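In order, the protein sequence lines correspond to chains A and B.
Each residue of the first sequence is one higher than the one before, starting from 1 at the first, in the numbering used here.
Each residue of the second sequence is one higher than the one before, starting from 1001 at the first, in the numbering used here.
Where hints are given, some of them may not hold.
Some, not all, of what chain B presents toward chain A, calculated at C-beta under 8 Å [said to hold, decoys possible]: (1) L1018; (2) G1022; (3) Y1027; (4) E1035; (5) S1040; (6) N1086; (7) I1089; (8) I1156.
Stretch-level coverage of chain B by chain A, calculated; a stretch enters the list once three of its residues show a Cβ under 8 Å from a Cβ in chain A [stated by the list, open to error]: (9) 1053-1063; (10) 1186-1195.
Label-pair ranges, simulated between beta-carbon atoms [stated by the list, open to error]: (11) A/S58 <-> B/R1095: 14 to 24 Å; (12) B/D1054 <-> A/V170: 10 to 20 Å; (13) B/R1095 <-> A/A168: 52 to 62 Å; (14) A/P53 <-> B/G1022: 55 to 65 Å; (15) A/S56 <-> B/K1075: 53 to 63 Å; (16) A/A110 <-> B/F1074: 41 to 51 Å.
Treat the hints as calculated values from the structure; they're not laboratory data.
Note that this is a predicted model, so its numbers are computed, not measured.
Built from N, CA and C at the ideal position, the CB exists for glycine as well.
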Amino acid sequence: MTRPRQHLTPDDIDALLRDGADPSLLGHMIDCAECALLMAQQRAVVASLDALPHFSPSEDFADQVMFQVAVPDPFAMRSMATARRRVLETGRSRALAASVAIMLVGAMAASIIWTSLNRELLTSAGTWLGGEATQWFWVAVRGTFANVTEQPWFDAARRAFGAPVRLAAVSACIMLLYAVGLMALRRLMAFPSPTEGAAHAGA
Amino acid sequence: MTAPQGIQALTDQEVVALARSGSEAAYRELLRRYERPIFSLIFRMVRDRELSEDLSQETFVKALNALESYRPEFKFSSWIFKIANNTAIDHLRRRELNTLSLEGSPHAATPEAIEATALQIGARQETPLDTVEAKELGGQIEAAIGALRPEYRACILLRHVEGRPYEEIAEILDLPLGTVKTYIHRARNELRESLGHLRE
């Protein structure tokens, strides 16, 4: 005489829900009303869960995400990959790259050591260079100014901007041009809206 | 912007490889494939549409900016669902802490002190967005899912809404396989009990 089967375990229920159950489980369901009811209820719950829909986020969701994502530059990626491939291509290229790296590191180390040993010399050289640069800068400024004032159009320009009203008008024109330029730049940099994209796709 | 036809036929791993090489279309394809499942999971976890948008955005920004750290030997879906689940669970934990603090300072000794230190929240008017949410999550099954513990909720949603196998759920939630099976079994039983009155 066979011993009656125990009630369904969680694993049995899983197997029955996946339709991969042992035939003995199905036999037990016929004999045991309690387990049959339990399975019917479990199937109803799973059917309700399976029927649940996916929700959609707002239409501009992808654009908002992409705005915060740093997409790698393909040109830079390709250049890096090419450089890496070429360096690692042959033993000779690897040796060359290693010697260049050693030379660079060696030169940097030598320059650090030399700098730390010759601070006074560097300070005096820096002071002299600074003085020379300032002198040359003022000579250039004076030369440019003298050159501009001797131009034939200088007096006419001076008279044109001399009156406050004209100066204000010119400033207003420049400000207006600047504002128009800014607006044009903003329009150029704006993301296309999804509706615009759809219109293009439909066209 | 729609992804080129070719990309749609590629596997997740191939799309990720393209994205890593700098293809914006590949990034958008990953978004297209996962925005609805990720948003749905988070929405059912936190039950607030606006907040779900923010948390889903956070999930995608984290994932897409860290594509270099993704290991292609694992499923991309497991990786992104793991980030989404962690983001939602972190938020629920923070919210739990905030809710406790609304009930008054833990250092308050008398009932008056507790009342004085508790934040007063006025009756909130239902906004049109709340109405939409109530409609979206208003079904008996959605309400029953909302009443589950967050761990059970994540397991049952991944198993029966997203159709993920137990092994993948264990990987996503960083739980032993046995625990996942137990959670799903308990969650189904709780749902069965919650929905039982409908059948009577």
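Taking the hints in turn, this is what the structure says about them:
1. L1018: Violated: closest Cβ of chain A sits about 10 Å from B/L1018, beyond 8 Å.
2. G1022: 3 Å, holds
3. Y1027: Check passed: Cβ of B/Y1027 comes within 6 Å of chain A, closer than 8 Å.
4. E1035: 6 Å, holds
5. S1040: Result: holds, 5 Å to nearest chain A Cβ.
6. N1086: 17 Å, violated
7. I1089: 19 Å, violated
8. I1156: B/I1156 check passes; min Cβ-Cβ to chain A is 7 Å, inside 8 Å.
9. 1053-1063: The restraint on the region 1053-1063 of chain B holds, since 5 of its residues have a Cβ under 8 Å from chain A and three suffice.
10. 1186-1195: With 4 residues in contact (Cβ-Cβ under 8 Å with chain A), the coverage given for the region 1186-1195 of chain B holds.
11. A/S58 <-> B/R1095: 14 to 24 Å: At 22 Å between Cβs, range holds.
12. B/D1054 <-> A/V170: 10 to 20 Å: 49 Å, violated
13. B/R1095 <-> A/A168: 52 to 62 Å: 58 Å, holds
14. A/P53 <-> B/G1022: 55 to 65 Å: Since A/P53 and B/G1022 have Cβ atoms about 35 Å apart, the given range 55 to 65 Å is violated.
15. A/S56 <-> B/K1075: 53 to 63 Å: 23 Å, violated
16. A/A110 <-> B/F1074: 41 to 51 Å: 48 Å, holds
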